[in-house]
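Work out the full structure: start from the sequences and follow the hints.
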Amino acid sequence: MSASAEEYYVPHGTNWPIIGSIGLATTVIGFANYLHGSSIWMTFVGLAILIFMMWGWFGQVIKESMEGKYSAQVDMSFRWSMGWFIFSEVMFFAAFFGALFYARMFSIPWLDGASNNAATAELLWPEFEAAWPLLEVPLAEKFEQAKMAMGAWGLPAINTVILLTSGVTVTWAHHALKKNQRSQLVWGLALTVALGFLFVGLQAWEYVHAYNDLGLKMTSGIYGSTFFMLTGFHGFHVTMGATMLLIILFRAMKGHFSPDNHFAFEAVAWYWHFVDVVWLGLFIFVYWI
Amino acid sequence: MSTATTHDEHHDHGPASGLMRWVTTTNHKDIGTLYLWLSFIMLLTGGAMAMVIRAELFQPGLQLVEPNFFNSMTTMHGLIMVFGAIMPAFVGLANWLIPMMIGAPDMALPRMNNWSFWILPFAFTMLASTLLMEGGAPAFGWTFYAPLSTTYAPDSTDFFIFAVHLMGISSVMGAINIIATILNMRAPGMTLMKMPLFVWTWLITAYLLIAVMPVLAGAVTMMLTDRHFGTSFFDAAGGGDPVMFQHIFWFFGHPEVYIMILPAFGIISAIIPTFARKPLFGYSSMVYASASIAILSFMVWAHHMFTTGMPVAGELYFMYATILIAVPTGVKIFNWVSTMWKGSMTFETPMLWALGFVVMFTIGGFSGLMLGVAPVDTQYHDTYFVVAHFHYVLVTGALYSIIAAFYYWVPKWTGNMYDEKLGKIHFWWSTISVNLLFFPQHFIGLAGMPRRIPDYALQFAEFNMISSIGGFAFGLAQVFFLYIVVKTIKGGEKATDEVWEGATGLEFEQLPSPAPYHSFNTAPEVK
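If you read the protein sequences in the order shown, they are chains Y and D.
Just so we're aligned, residue 112 is where the first sequence starts under this note's numbering, counting upward by one.
Just so we're aligned, residue 874 is where the second sequence starts under this note's numbering, counting upward by one.
Simulated from the structure, these hints should not be mistaken for lab results.
Positions of the beta carbon are idealized from the N, C-alpha and C atoms, including for glycine.
Heads up, a few of these hints could be off.
Derived coverage of chain D by chain Y (criterion: at least 3 residues anywhere in the stretch with Cβ under 8 Å from a Cβ of chain Y; other residues may be distant) [said to hold, decoys possible]:
| # | region |
| --- | --- |
| 1 | 977 to 984 |
| 2 | 1024 to 1035 |
| 3 | 1068 to 1078 |
So, in structure tokens, the structure goes:
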């Protein structure tokens, strides 16, 4: 370890973080202003700055990696970081799953008088009946009632198959990379990217179906809230993951990565498995039971 | 892989000059300095708000400010001190010290380290800008309970929400960097159980940060959609529950209070052995106690909500689990006292602050035990007793440890000794005034004075006046501290490489004072 410690690459001076901070601040200030009646353009400027920053920053890291500046120890720093970054994402979803479970286990039954809340039900909304999926909300004037809940065995089941299959294809690509079979690598990745974007497309179609046919909206009480926030953030993460896979695909086509040095590929594959696992949680707890 | 070429181009050149040095730096010492200065500015800003609060409470009746502005002051004071003063100060210390303590050339991810810091000035500018907005700054308390923060909040709340998002991104990146550094960058021979306790406690703190900052991000995101996109997470009319907000918030909030105290435990565990001239008593039990505290911190959150409404079984569980935390905390206090037992003690300034910590943090710990008992918390909840409790653990706890760390390590950072006489004056001035400030608040709290109210009943007048006088004096003491800091940076008696007689650790044993811009380009030998 002594030898590798000497080689640890410490970059000197970087402009990307401050550009990233300006991009982040522009995005969120623009969006907060948009919520209070301003136009949305400032948010898009901020996002453009962020995309520019990511392009430049990742580009620099790729370049340094190709130049062989990263020792095995640097590689290990990347591995620890990506792993714990994914864990932080898991905890972000945990907050929304927590909200879902709390609503199903506590707040809805309590509004109907469960536990020692008979007076709550009597005084607030005596007509209210606990149910899940909750279609008839306690105060119908304030929130829209959904006509129907989203079933599990139509599109969501197909989407489950699509995402699980994409987990297989990305593993196929990884094995091909390790055996240096480049065409299989490219095909495996291309299939994964296609399945990823197919999933996102079908989710979008499902949203249209929910709004138009089922009357299920973000504003349809706690069922709509948890449904759209959980599936929405998941869909956003799938879009991110598929985009990252697409970049990995382009890099693979340009001849990047070697059988024993391809952490960027692995990091994206980890991320892809993470969105896969989150989806299984969604399928079970949001759609199915 | 050719590594020889990468070596020469970044070898041993010093810092760039001018403002851009600080904007583009990837050096852990520079970034540590930036964090520490930001936290000092925030300390004085949040402190100025505390002065407004204490001035209004100097006498009963409404004197100086509107009640809504008073509430903005308590809210912003809390947010700025928690997220702006205490947390960045510990991250700054981590940046300065962890690479030197484990024999690493720098943090594991130097560019991301820069970004972790440079998000913060933007976040706090956004937060502070709410004071100038129509409808005023957030005024719902630093815990921003729904529906005060959703249905009834001012427009500026959205800027607060996004500021919290940015702080969360910064904290998560900072924590990831610290974990990667500690797990991957230790010098050969620096096994986990040889690491200084400051490194250990920061490793555990970083895990807490990664686990709970995203939950806070989730909570403010739900607030945002409840406010603007028609969701009903915290609205019973749609099947949600405002109490759910409190559960999610405190699932973040309780580990958060340990995030603000575990690094302090590490600092105190470094200082006391040096000035008692004895090795730390019970090193491994300190490690296990820190880990136990961290694990327990995830299982006790609802003790902040005893009066909110919860099944009795829940109250009992959360009460017992909370009281359990006294065990590992007690282990720590016992170990510090045992380290001093029969030691050859001297009382230089860092030791004074560390001893102040041990005594007054314990006072805060005991009042915490009282608050943890569900039946009596019904009386204490939301009174000044709570205010007294958490200021004893956060001011005379966390802040005291940060100041102790400054006096202990500043000779290593700058090569200059601070002025011992001024340091002692700073300690006694602060310690007398901080007790004048917070100790009477126990009594007025037990007697029933509620927190976050600009006016109070006449029987609380004397104690409030004493408290305010203590507050002004304590605030002034920290301006005096600013003078000491600047004076020490500018010059002073030269420190030796060891700095303190018998100080241990790589930073004292193997590095000169001041520590060079790049330390440990070659990993040191660890015995």
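Tested hints:
| no. | hint | verdict |
| --- | --- | --- |
| 1 | 977 to 984 | holds (count 7) |
| 2 | 1024 to 1035 | holds (count 5) |
| 3 | 1068 to 1078 | violated (count 0) |
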